[in-house]
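Order-wise, the sequence lines are chains A and B. Numbering-wise, the numbering used here puts 275 at position 275 of the first sequence, and it's gapless, one number per residue. Numbering-wise, the numbering used here puts 148 at position 148 of the second sequence, and it's gapless, one number per residue.
Derived from the structure by calculation, the hints contain no laboratory data. Quantities reported herein were computed from a predicted structural model and do not represent experimental measurements. It cannot be assumed that every hint is accurate.
Copies of the same chain are indistinguishable here, so a pair counts whether it falls within one copy or spans any two.
Under the rule of at most 20 Å between Cα atoms (straight-line distance), these lysine to aspartate or glutamate pairs were calculated in the DMTMM-like manner [to be verified]:
1. K180 <-> E226
2. K217 <-> D175
3. K241 <-> D53
4. K180 <-> E297
5. K65 <-> D53
6. K19 <-> D53
7. K19 <-> D206
8. K65 <-> D206
9. K180 <-> E289
10. K217 <-> E230
11. K217 <-> D206
12. K180 <-> E233
Protein chains: 2
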Amino acid sequence: MGDIELNKCVLGIDTGGTKTSLAAVDGRGGIQFSKEISSPSTDEQMMVKALLDLVDWGLSESSRKELDVLGIGLGSAGFVLRDEGILVESPNVSWSMVPLKRLVSGHTGLPTFLDNDANVAALGERFAGECRGVDDFVYLTLGTGIGGAICVDGEVYRGHRGTAAEIGHMIIEPDGPPCKCGSRGCLETLASGTALEREAARFMADDDASVLRRMCKGDTGGLTGEMISEAAEEGDPAALKAFSYIAHYLGLGLVNLIHLLDPEIVVIGGGVSRSGHLLLDDVRSVVRERGVPALVEGAQIVLSALGRDAGLIGSAALAWEGIGRLS
Amino acid sequence: MGDIELNKCVLGIDTGGTKTSLAAVDGRGGIQFSKEISSPSTDEQMMVKALLDLVDWGLSESSRKELDVLGIGLGSAGFVLRDEGILVESPNVSWSMVPLKRLVSGHTGLPTFLDNDANVAALGERFAGECRGVDDFVYLTLGTGIGGAICVDGEVYRGHRGTAAEIGHMIIEPDGPPCKCGSRGCLETLASGTALEREAARFMADDDASVLRRMCKGDTGGLTGEMISEAAEEGDPAALKAFSYIAHYLGLGLVNLIHLLDPEIVVIGGGVSRSGHLLLDDVRSVVRERGVPALVEGAQIVLSALGRDAGLIGSAALAWEGIGRLS
């Protein structure tokens, strides 16, 4: 990539249940411009139309800015058949079996690539984030659930049938809380944003003085990650205990990942990682305490620095990588 | 491998704390002849001499049988620097930092390769065992401890610093039994031969009628895996409960491995796998009950068929693979 022409770019598109965003991204990972629309997620036809309209806007905006668009990368939550370019299903969106790759490439004539959000975010870390030049790493996304990607020799490891890296369903506490997958004590039930909210509500119930009570106006169900994060910043014991709970289990999960995979870096991304400074020290000490020293001491644990742009930079990385393979 | 000449072979050598064995193995994985000696494990010089004497014997025996030896593969328990060909340390043997590869290749003039026992056994499964033609699989060795290897695209996955696949130190029960690694509830403390013996002693203590009491003559410390296996075959409840205990945790460990790695096959080898028929049904039902169906249903769980020859076939596979890379 020594010879990057900054008038060339790709369009990275991050589709989700509440919003869909697009960015024109150059070969260095710089966002030239971007736009976000709300997803008409209850209607498949409307979703497709909104997506293609957004692509059209991206192409005309690129042309106006004299940017040459070389390809399009699409990242989506849910289950994706990457090679076929089909979005099988996606949470909170009523589309299924949508041939997104063919639709977009047919509409634009541009090479188009599709992958799921976790794989795409991992590619973004390698392209312009914490893992530049790193071949073996694990990317974890902490949000409502927990997802992830495993990179081996610089490529996303997909396994035999393409379902690898279901990090959220690693069982950590065999008799732990029930998981929506049907099992119990999966990492997702212990260290996700959902677990943070559940535990904060529990600690708040035992703590009359918790500022969380005021924040959620006594409505436990109304507690959000933002509230808990804010309360923790203020030193609220219930909120701090909730962060410490998920950090404990996240640390145990990372011990397992490092023991199995010996990555150079573990990157933590996703919504919860924006409050990651409240987690990181605890996570690192659990890894130090519970890991085999010779195995864990060489693995760095860092927060993603891409923040809300992770999906866009990742989708763009997918496109740049795909174009590289074609040429 | 369409053009295998059966007068060509490699020497596979399996070194351990109690015995060292050698076999001449042809390109189809057939053992032409073999020999086992006891390891003079308390003296490094004697260990090296015994090894080189065994190699000399193997070469002259090959010559007598008109077999052409193309290379030598060495498998050893312990920590190995594969590229450098150095055995850093090995349990129950008083040698350390031994440049085994250079010693043997210098002595014989033959291309020589060294790797640890778990990686070597996994190569053996791919060469002549359950994983012929399989690119993505996990090999687990159940013995006194638990080790393993992860194969990705037909090669042993080593990770960033070469320490990957420490499957025995995956934490499954955070408050479980202490592990010699310093942590608690590692798979090795819950599903190894050592765990089987510990649990059988515990169940026997609560069961006056257990045949285990007679077998070990009341000496709990004298219980062996063979006794527990024999008692389980006779239907002894304490022995059966001990097998069921380790099967439960082994099943949880396999769920995690399958969710993370999406292997085509999981092969269970090592000493305990010789009683594997007492485990397999339970392990498979735990995986069915606790795994995400779409993720676990495509992964086969099988016992190694190589038995006591796993180390020899594996070391030979290492040699055949190494020669293939050289040519």
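Here is how each hint holds up against the structure:
1. K180 <-> E226: Result: close neither inside a copy nor across copies, 24 Å intra and 41 Å inter.
2. K217 <-> D175: neither (33 Å within a copy, 36 Å between copies)
3. K241 <-> D53: Neither: 46 Å inside a chain and 63 Å across chains, both beyond 20 Å.
4. K180 <-> E297: between (34 Å within a copy, 18 Å between copies)
5. K65 <-> D53: Cα proximity of K65 and D53: one copy only (18 Å, versus 76 Å across).
6. K19 <-> D53: within (14 Å within a copy, 71 Å between copies)
7. K19 <-> D206: neither (37 Å within a copy, 61 Å between copies)
8. K65 <-> D206: neither (57 Å within a copy, 80 Å between copies)
9. K180 <-> E289: between (30 Å within a copy, 13 Å between copies)
10. K217 <-> E230: within (15 Å within a copy, 64 Å between copies)
11. K217 <-> D206: Within. Shortest intra-copy distance 16 Å satisfies the 20 Å Cα cut-off; inter-copy 54 Å does not.
12. K180 <-> E233: neither (31 Å within a copy, 38 Å between copies)
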